[in-house]
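The listed protein sequences derive, respectively, from chains C and S. With the working numbering as the guide, the letters of the first sequence map in order to residues 79 to 193. With the working numbering as the guide, the letters of the second sequence map in order to residues 35 to 148.
Treat the hints as calculated values from the structure; they're not laboratory data. Note that the coordinates shown come from a computational prediction; the quantities given were computed from them, not determined experimentally. Don't take every hint at face value.
Unchecked claim - Taking lysine-lysine pairs in the DSSO-like style, the calculated list, with each CA pair at most 27 Å apart, reads:
| # | chain 1 | residue 1 | chain 2 | residue 2 |
| --- | --- | --- | --- | --- |
| 1 | C | K175 | C | K156 |
| 2 | C | K151 | C | K133 |
| 3 | C | K180 | S | K99 |
| 4 | C | K180 | S | K91 |
| 5 | S | K51 | S | K91 |
| 6 | S | K51 | S | K103 |
| 7 | S | K91 | C | K175 |
| 8 | C | K133 | C | K175 |
| 9 | S | K103 | C | K180 |
| 10 | S | K103 | S | K52 |
| 11 | C | K175 | S | K105 |
| 12 | S | K105 | C | K180 |
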Amino acid sequence: AQTVTQSQPEMSVQEAETVTLSCTYDTSESDYYLFWYKQPPSRQMILVIRQEAYKQQNATENRFSVNFQKAAKSFSLKISDSQLGDAAMYFCAYRSKWGYQKVTFGIGTKLQVIP
Amino acid sequence: EAQVTQNPRYLITVTGKKLTVTCSQNMNHEYMSWYRQDPGLGLRQIYYSMNVEVTDKGDVPEGYKVSRKEKRNFPLILESPSPNQTSLYFCASGEIGTADYGYTFGSGTRLTVV
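Construct all of the structure, not just a fragment, from the sequences and the given hints.
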């Protein structure tokens, strides 16, 4: 079974600075999807960024980018120019390309942004 | 607006009193799923459905039931709630067979069982 590990329960960053959230996963599959979801205090789950495992190029969405290291099974999220609105719980998630049945989530990292 | 609608947003109930949390999506998605979120455990899948009348267990199905009689609706039923089912619940939907853009989530239901 696939597992997703987020080893940083809480992180903090100064406004306008850069922060990196870590995520590792365990799988025997070669093709899959990885996601980062944001959950602000409103508790709505918002998709931040996605990565397809067969694509070597790291995904980027505005101030959000990932460092995808397939061999190391690592998928970290970098937030540049942090803003107060980035304060949230961030979840890393994995889904097999062929098994739509389930997305496996990590336990989350709570990000605090300091003004 | 494309969305997943969950109701109620908050619910306090007593042990043993049957309850239903509703979930409806307007995107014609085949796939729907229920998750519960607990501190330190992340989101864990309860049940999922690949289409009408097709449902299956996730990782933590005990104490829950679901049904999928219509494509848009996927209610979660707690026949006899217990305090260990106090949690934040999310319904999610997605489209099968195309490039995976992740799930669309509902806004969550905070359930407290006393």
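Tested hints:
1. Annotation: proposed proximity of C/K175 to C/K156 holds, straight-line Cα distance about 24 Å (limit 27 Å).
2. For the proposed pair C/K151 and C/K133, the alpha carbon gap of about 14 Å is at most 27 Å, so the pair holds.
3. For a cut-off of 27 Å, the pair hint linking C/K180 to S/K99 stands: about 17 Å separates their Cα positions.
4. Distance restraint check for C/K180 and S/K91: the Cα-Cα separation of roughly 10 Å lies within the 27 Å cut-off, and the hinted pair is therefore satisfied.
5. Our distance criterion of 27 Å between C-alpha atoms is met by S/K51 and S/K91, whose separation comes to about 23 Å.
6. Among the hinted pairs, S/K51 with S/K103 is consistent with the structure: their alpha-carbon atoms are about 23 Å apart, no more than 27 Å.
7. Among the hinted pairs, S/K91 with C/K175 is consistent with the structure: their alpha-carbon atoms are about 20 Å apart, no more than 27 Å.
8. Distance check on the hinted pair: C/K133 and C/K175 sit about 13 Å apart at the alpha-carbon level, within 27 Å; holds.
9. Only pairs whose Cα atoms come within 27 Å are accepted, and S/K103 paired with C/K180 is accepted, the gap being roughly 21 Å.
10. In summary, the hint linking S/K103 to S/K52 is supported, as the alpha carbons are separated by about 20 Å, within the 27 Å threshold.
11. A hinted pair counts as satisfied when its Cα atoms are at most 27 Å apart, and C/K175 with S/K105 qualifies at roughly 23 Å.
12. With a CA separation close to 18 Å, the supplied pair S/K105 and C/K180 stays within the 27 Å bound.
In this structure, every one of the numbered hints holds.
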